[in-house]
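Asks: Count along the sequence shown from 1, add 1124, and you get the number used in the numbering used here.
Watch out, some of these pointers could steer you wrong.
Stated by the list, open to error - Pair by pair, the computed Cβ-Cβ distance ranges are: (1) T1170 - G1139: 29 to 37 Å; (2) T1142 - T1166: 26 to 34 Å; (3) N1154 - I1131: 29 to 37 Å; (4) T1160 - G1139: 13 to 21 Å; (5) E1127 - T1169: 16 to 24 Å; (6) E1127 - P1156: 17 to 25 Å; (7) T1160 - T1138: 26 to 34 Å; (8) P1143 - M1164: 16 to 24 Å; (9) T1166 - P1141: 29 to 37 Å; (10) E1128 - P1156: 13 to 21 Å.
In case anyone wonders, no lab produced these hints; they're calculated from the structure. For each residue, glycine too, the CB sits at the ideal point set by N, CA and C.
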Amino acid sequence: MSEEPPIGYTAAPTGEPTPLPGKEIDYCMNGPTYQTGTTMFTDGTTGWTQECAG
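Could you build all of it, start to finish, from the sequences and the hints given here?
Replies: Next up, the structure:
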């Protein structure tokens, strides 16, 4: 059983957050220099996800 893809953005956040198929969250980038929800994916890219914002 596969997990649902994370919900969020990989570019500028426009419109509603959408599923990000093929993306897996590596870790949430918490800290004073990051916007809440900033996410590092396992492929080395960054974005924003509801999972990290929550």
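Asks: Please list, smallest to largest, the hint numbers that this structure does not respect.
Replies: Structure breaks hints 1, 2, 3, 6, 7, 9 and 10.
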